[in-house]
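Engineer: Required output: the full structure, derived from the provided sequences and hints.
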Amino acid sequence: YAVIPSLQGFRKNNVSIDLRSVSRNTEVLNSVYETYPARGAVSRIDFDVFHARRLLISLKKSSGEFITRGAAVFEESGEFVTLVGEQGKIFLPDVNQYHSLEVQDKGRTVCGFEVPVSDDLQDKSTGRLYESLSVQCSK
1 YAVIPSLQGF RKNNVSIDLR SVSRNTEVLN SVYETYPARG AVSRIDFDVF
51 HARRLLISLK KSSGEFITRG AAVFEESGEF VTLVGEQGKI FLPDVNQYHS
101 LEVQDKGRTV CGFEVPVSDD LQDKSTGRLY ESLSVQCSK
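Residue numbers (our numbering): 1 to 139.
These are calculated hints, taken from the structure and not from any lab test. Some clues are possibly wrong.
Calculated lysine to aspartate or glutamate pairs in the DMTMM-like style (CA-CA distance at most 25 Å, straight line) [said to hold, decoys possible]:
| id | residue 1 | residue 2 |
| --- | --- | --- |
| 1 | K61 | D48 |
| 2 | K139 | E114 |
| 3 | K61 | E102 |
| 4 | K61 | D105 |
| 5 | K61 | E75 |
| 6 | K61 | E76 |
| 7 | K139 | E75 |
Quick list of simulated restraints, FRET-style, between CB atoms [unchecked claim]:
| id | residue 1 | residue 2 | range |
| --- | --- | --- | --- |
| 8 | V3 | E79 | 39 to 49 Å |
| 9 | S23 | H99 | 56 to 66 Å |
| 10 | L29 | F74 | 22 to 32 Å |
| 11 | S134 | S6 | 49 to 59 Å |
| 12 | L29 | F80 | 15 to 25 Å |
| 13 | F74 | Q8 | 44 to 54 Å |
| 14 | T35 | N96 | 25 to 35 Å |
| 15 | E86 | S31 | 43 to 53 Å |
| 16 | S43 | S100 | 15 to 25 Å |
| 17 | V3 | D94 | 25 to 35 Å |
| 18 | R24 | H99 | 37 to 47 Å |
| 19 | R108 | E34 | 41 to 51 Å |
| 20 | E27 | E114 | 22 to 32 Å |
| 21 | S31 | N96 | 16 to 26 Å |
Remember, predicted model here, so these are calculated numbers, not experimental data. Ideal placement from N, C-alpha and C gives every residue a C-beta, glycine not left out.
Structural biologist: Written as structure tokens, this is what we have:
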């Protein structure tokens, strides 16, 4: 909660969160909010904030080779997630959103993998921006 006594009545006021004050594993979807309060009014402002577990995966085929750069990663529902980068790198901005992912290259399914969600993966310190993990893809 915060009380901001300096808002001007009947005028546009921008209220924002100083993102340097939140932990690195916290996502703020809307850090700036516009409000037009009446004189003496109390305005309630809700910021969408959630804890994110970011994960950088090095994805390899069962042969040990990295997945091809530019291959597409999809959810089970068929929704696009991201592209594979250099050396099979895949960045997931919030691990908790995904369970099972499929990799496609040139329209063909190459392999699939389960997204690890165990608590032992979780970085206990808030100093890191993301966790890193190597995953082997299976057919």
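Engineer: Are there hints from earlier that the structure breaks, and if so, what are their numbers?
Structural biologist: 1, 9, 15, 16, 18
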